[in-house]
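J.: Residues per chain, in single letters:
Number of protein chains: 4
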Amino acid sequence: MGTVHHRIGVLTSGGDAPGMNAAIRAVVRSAESMGMECIGIRRGWNGLINGDIVRMDEDSVAHIINRGGTCLFTARSDEFRTKEGREKAYLTCKLLGIDGLVAIGGDGTFAGCLAFANEHDISVIGIPATIDNDIGCTHYSIGYDTAANTALDSIDKLRDTMQSHERCSVVEVMGHRAGNLALYVGLAAGATAVLVPEEKWDFEKDVAEKIRRARLAGRTHYMIVVAEGATSACQVAEKIKKSLGLDPRVTILGHVQRGGNPNARDRVTASRMGYWAVKCLADGKTNRVVVHQNGEITDVDMVEALKTPHQLPIGEQEVLSALTGAKI
Amino acid sequence: MGTVHHRIGVLTSGGDAPGMNAAIRAVVRSAESMGMECIGIRRGWNGLINGDIVRMDEDSVAHIINRGGTCLFTARSDEFRTKEGREKAYLTCKLLGIDGLVAIGGDGTFAGCLAFANEHDISVIGIPATIDNDIGCTHYSIGYDTAANTALDSIDKLRDTMQSHERCSVVEVMGHRAGNLALYVGLAAGATAVLVPEEKWDFEKDVAEKIRRARLAGRTHYMIVVAEGATSACQVAEKIKKSLGLDPRVTILGHVQRGGNPNARDRVTASRMGYWAVKCLADGKTNRVVVHQNGEITDVDMVEALKTPHQLPIGEQEVLSALTGAKI
Amino acid sequence: MGTVHHRIGVLTSGGDAPGMNAAIRAVVRSAESMGMECIGIRRGWNGLINGDIVRMDEDSVAHIINRGGTCLFTARSDEFRTKEGREKAYLTCKLLGIDGLVAIGGDGTFAGCLAFANEHDISVIGIPATIDNDIGCTHYSIGYDTAANTALDSIDKLRDTMQSHERCSVVEVMGHRAGNLALYVGLAAGATAVLVPEEKWDFEKDVAEKIRRARLAGRTHYMIVVAEGATSACQVAEKIKKSLGLDPRVTILGHVQRGGNPNARDRVTASRMGYWAVKCLADGKTNRVVVHQNGEITDVDMVEALKTPHQLPIGEQEVLSALTGAKI
Amino acid sequence: MGTVHHRIGVLTSGGDAPGMNAAIRAVVRSAESMGMECIGIRRGWNGLINGDIVRMDEDSVAHIINRGGTCLFTARSDEFRTKEGREKAYLTCKLLGIDGLVAIGGDGTFAGCLAFANEHDISVIGIPATIDNDIGCTHYSIGYDTAANTALDSIDKLRDTMQSHERCSVVEVMGHRAGNLALYVGLAAGATAVLVPEEKWDFEKDVAEKIRRARLAGRTHYMIVVAEGATSACQVAEKIKKSLGLDPRVTILGHVQRGGNPNARDRVTASRMGYWAVKCLADGKTNRVVVHQNGEITDVDMVEALKTPHQLPIGEQEVLSALTGAKI
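Protein chains in written order, with the working numbering: chain A, 3 to 330; chain B, 3 to 330; chain C, 3 to 330; chain D, 3 to 330.
Note that the list lumps identical chains together, so a pair holds whenever it fits in one copy or between two copies.
With a Cα cut of at most 30 Å, we get these calculated DSS-like pairs of lysine-lysine: (1) 212 - 281; (2) 207 - 281; (3) 281 - 202; (4) 243 - 207; (5) 241 - 212; (6) 202 - 212; (7) 207 - 244; (8) 244 - 202; (9) 244 - 212.
Derived by calculation from the structure, the hints in this document are not laboratory data.
Given only the sequences and the hints, what does the whole structure look like? Please build it.
T.: Set out below in structure tokens:
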């Protein structure tokens, strides 16, 4: 490409994640520092289709680095999935003189970017943000750590009351197709057992036996963490009741996990990724996703990125089973 | 009475609440400072029945003031509801030389105290602790403020994501028979509407119309807080969907509200109430409940206490309706 | 008075406190709901002098209930202490048609109100907000509980590291003339000793001996909490080093205590007080301070209010000495 | 080596850090799951010298994963720096049959390990834990993220009150020889300027000019973050006062940064490193440090580790200057 961009757009799309505001701020300020103008596109791709835009400068992002959610709002867009929708979106770009786009979101957002860039003369850079951390191309997605700590804080509180009443708790955390959050949080919480969607599990071996071993080792309360994509917490609780005679309490953490002020890691990662995305545009790059790999921020090809399968971190699984239930 | 007690027991009973540990600590240390010995009774009344006890001194309560839950465990006891159960419990008291009891819990705990003291020669003092704050005789029960802040923190996080997605949220907080927590938290959260068990409510007037007014006033997200005793959050969400065409998200905060490190107010109240309870025993009192009334710690007759009906605070309701939905 | 107000002003003055925004929101929304218009006056009395104002409606206070600080800014004003300053301020009121004022702050703010109302035809209502909780006429001032929990969270963290290293800590909390915060936080933290400005203290008896007793009772770390008005943490640490041979660490919590999202108690109290203040104006009252007394929100005469001396709560002191150091 | 260890020791040494307990728990449980016995050595190397030890099993580490500080206590040991001290320590090992050691701490701790292992027949594995994150061989040290979030929470609170009063704040965070924490926190906090010990700084260019630019860009409050090793916050504040006429407030966060419950990242990292350390011993390795490199947990030679110079992360510095003050 090699074009020098004068005016770029930034949008958030898909489910929101803590740190999106910090990423927006970094995009806007980095653009300014590199001599570009930045337009905020509101409500995801719909904003580009409908011309729902707002001019942004250093001042408009002045107090958002520490705020959860996204000041540009977010939404899913069926219309952008159609060629017609993307054409409308391109008209907005043409009208405004936008020739570069930074899109903050997940795989669906990047797929939208690609379709758009394939059809129209626009440079696109993706920034991964999702509390599920299930984007294959990057080790880290913005929002993951804040969500993990939100879930962990709740489980720590649950632990207090479960311990007082000597009860069993089944907690459902977010993660439709990925168990990263469940595994990470379960490890941090000292869970008795963790169930994830990536792996087959057997109630007798992976839940009942672990509870038994914990009881034999002296525990009188048990914490089972399940990813929503693995099973339903209620079903697991029902089985525990039937099979072990315990009376478990179910907690579904739900959307609370999506909100909250981003923590240090998410603000720093978002700031670095936002800066990197704009640098990509300044360098004339397009169709790239900013990623965190091997401890570094870098960028990868967006087509390759979308092909990279999501994987559950192996190290954490091994440790989890060594630390819980391995020994009676 | 006028007896000088030499050895007293302390127990927690019913649902646990943050600050119970601070109350136990205060009872144990106050007893020591007034020349009495203190025995911890574990697992509520069951502990007295089964002799599940532990000797406590200054050191055994050294690092618990800031811990959630109760180090003495808690449970409900069917056996203590029987005369035979209470006789067994009394034998434990006789064996150990316990002639005074401090019981930390709710109305059910105090009813147990009364039945016990009516049949046996034992002085009983109750300390109110429940996150519902639904004990009629006292303005404040240990655990309420911590639970309220736990719920509020979650709702603040929800607000972030509801705002980003311009959605409606229905949140269910604890409170089977009392709406105090829902009202308090709803007021603090700037809720669009609050539903409590003490008051009849009409979906059209108390929910739908308030959402409409909020929309007309510029809001694009809405927060409905319901006490579990008023209705189910899922039902309210269903009605909102049908009646207003919104797609609300349901959050049930659940047992998380019972846990967590007690905050300043609960630690201070628990410390003061624990001290006061022991002073009551030292003064030869029995059948008293320590209460917070008119800004002061004092004690009231336990029979009267159990007759005092729980009331929803009027002031907060009035303010809530002035601040939300009153004006378009 | 009996005037019906059509346009009122609201300002924050003196040191800021968490919950001021919730109070502003309540004033603005209550005014609207009672048919009055509300003008925000920025930077305290200076804003009235300089015409630094902003029109406020339901929307302008839409997302501030959970924010620390004050969206109207605050400042101290030397000019308003002069008759000329107050005359300039009155001209702004006349120009804008403001005939009622709600001033959120401390004793100094109320003194300003009185001087202003004595000279000019304007109704004034004060709302107490200060993290020191040192306003004699009210049991509770907005911001106190949030500040106490901020300090307590820090002390809880300190406790971890002091315990690991078996060290002594001296923590200085805010409070020039009032020890309320120090006493409250010290009690909640399980402090070894607390020093407040209202009471004479003797190093040997009130610090050294308490540390010795704690050591004899098994403790190996000690937490001394001092109000900044009582002494300097550094001096106390110096004496501990000389007299007991320990090597204490000093922590001065400072302005961090003034900030942070207001907690449930401060948001609810601020909402109720803001509403009450506007109701006072609607009822034709002037020269009143909204207060929290005997568990209720009410209002008192401002002249009387300023005469009411601040007092340290007696109950908490007694409990503190029973729970720490009283017994070896 | 290749010895199979039957009994190993674990200790924490140097300054404590949140997550040390999670590491101890992982060492103890991993040892059990691999068939080794684990002895806790208290108060660092002193415990080995004095035989201050405690037998540990699954149960003794049951509720510590979420606790700050270290349950084994920590201390610096002058005696262990002498050959005689290390000989005494070895006698304890011989008496107890300890032939492997896991030492949790910083560079000083690892130097102690090496000296010990060079003189005596004992396998040593180090785990990096320090809130400064200044250990050259590893990208991440246990405690860093929790400390960063503690500092960030305080700065977020400060921001509220600085904004209300339109003031300048100078905050001193920990870091004698390393600016990592200051840089990380400063980036996350949106600081106006950050001063670190690794880089020369010029007041006029690196502080005054940045404040001026922020003012020109519309800011009315400024946040200067300094690492304690770079300069004193008081001196910077003094210069700002003299040079710019502002009246800055100084905050020294101090030891509070060392405490607090470890967050998810520190608990997970500690669990993984603890497990890895025991696996090293099981594999017959010695003189290794467990590290986090390129996104993975692995181990490196201890001699090499101690030679690896600490470096300030370059990426974060570049971003910081792009996002603050770069553009007027």
